[in-house]
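Q: Sequence:
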Amino acid sequence: MSCPFKREEIICLFDVDGTLTVPRQKILPTTEEFLLTKVKPVATIGLVGGSDLTKIAEQMGGEDVIKKYDYVFAENGLVAYKNGDLIGKMSIQEHVGEEKLQLFINSALSYMSKLTLPVKRGTFIEFRDGLVNVCPVGRSCSQAERDQFAAYDKVHKIRESFVKHLQAEFPDFGLVFSIGGQISFDVFPKGWDKTYSLRFVEEDGYKEIHFFGDKTAPGGNDHEIYEDPRTVGHKVSSPEETIEQLKTLFHL
0 MSCPFKREEI
10 ICLFDVDGTL
20 TVPRQKILPT
30 TEEFLLTKVK
40 PVATIGLVGG
50 SDLTKIAEQM
60 GGEDVIKKYD
70 YVFAENGLVA
80 YKNGDLIGKM
90 SIQEHVGEEK
100 LQLFINSALS
110 YMSKLTLPVK
120 RGTFIEFRDG
130 LVNVCPVGRS
140 CSQAERDQFA
150 AYDKVHKIRE
160 SFVKHLQAEF
170 PDFGLVFSIG
180 GQISFDVFPK
190 GWDKTYSLRF
200 VEEDGYKEIH
210 FFGDKTAPGG
220 NDHEIYEDPR
230 TVGHKVSSPE
240 ETIEQLKTLF
250 HL
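Residue numbering for the sequence shown follows numbering that gives the first Met the number 0, beginning at 0 and increasing consecutively.
Honestly, the hints are just simulated from the structure, not real lab data.
The list that follows gives simulated cross-link-like pairs (lysine-lysine, BS3-like), each with its CA atoms no further than 25 Å apart:
#, residue 1, residue 2
1, K88, K54
2, K234, K39
3, K153, K234
4, K5, K206
5, K189, K234
6, K54, K25
7, K119, K163
8, K113, K153
9, K66, K81
10, K67, K234
11, K66, K37
12, K163, K153
13, K206, K234
14, K66, K39
15, K206, K66
16, K113, K99
17, K99, K88
Simulated DEER-style distance windows between Cβ atoms:
#, residue 1, residue 2, range
18, K37, H155, 38 to 44 Å
19, E8, T36, 18 to 24 Å
20, K246, I104, 41 to 47 Å
21, S237, G60, 17 to 23 Å
22, S160, E97, 25 to 31 Å
23, S141, L114, 15 to 21 Å
24, E207, L35, 19 to 25 Å
Just so it is clear, CB atoms sit at the ideal spot from N, CA and C, and this is done for glycine as well.
Construct the entire structure; sequences and hints are all you get.
A: What follows is the structure in structure tokens.
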């Protein structure tokens, strides 16, 4: 039995890290081929990543990612592309204001200066269009150091404790904290989570919106869109599981 919807009536949105790729690694050619030759002919497909477009392109095989997929939502959809064209862009700097941002950044840097970790590298704060990314180990760490921090964080809850501290410090700033990937967490205004991308999708009147993600528990950066009543949520733990669920969904 085939899917009851036409391609323009059903959309599949995918988280990138942990869902289509191993965290921070490039998509496997077999995964990409499956999405573009098997899924794309039967459903509209889009990416919803917390990273900026440069990082998404790095993982998804190059700058033409915005043409390969019907939608690409970088930074949770705060930078949005449809059929290769930019259709939306928001600025956290304009929304929050420089004064509050600096108070927040100074507090985060102060907290990190007191942390002792297995290693510390550089780029602890990364400022993007729609969010601030906070990374206790430093984003310039190697893959081995990234894996080491992820294992350490699992035991010592470094990011979780850090987020609790910042929530207590800035209760009135209207900020949301979202732990994703292996080494960092995102900070953005309330409502600027991955559900932000749905406003663009809704305009096109899809009958079903499917979302596939791995960080679907509360506090994970896929949680809000996974739980949203507008989506059919699919929890996955690897690219292989994403493919298996797609095969079942579309009888491929």
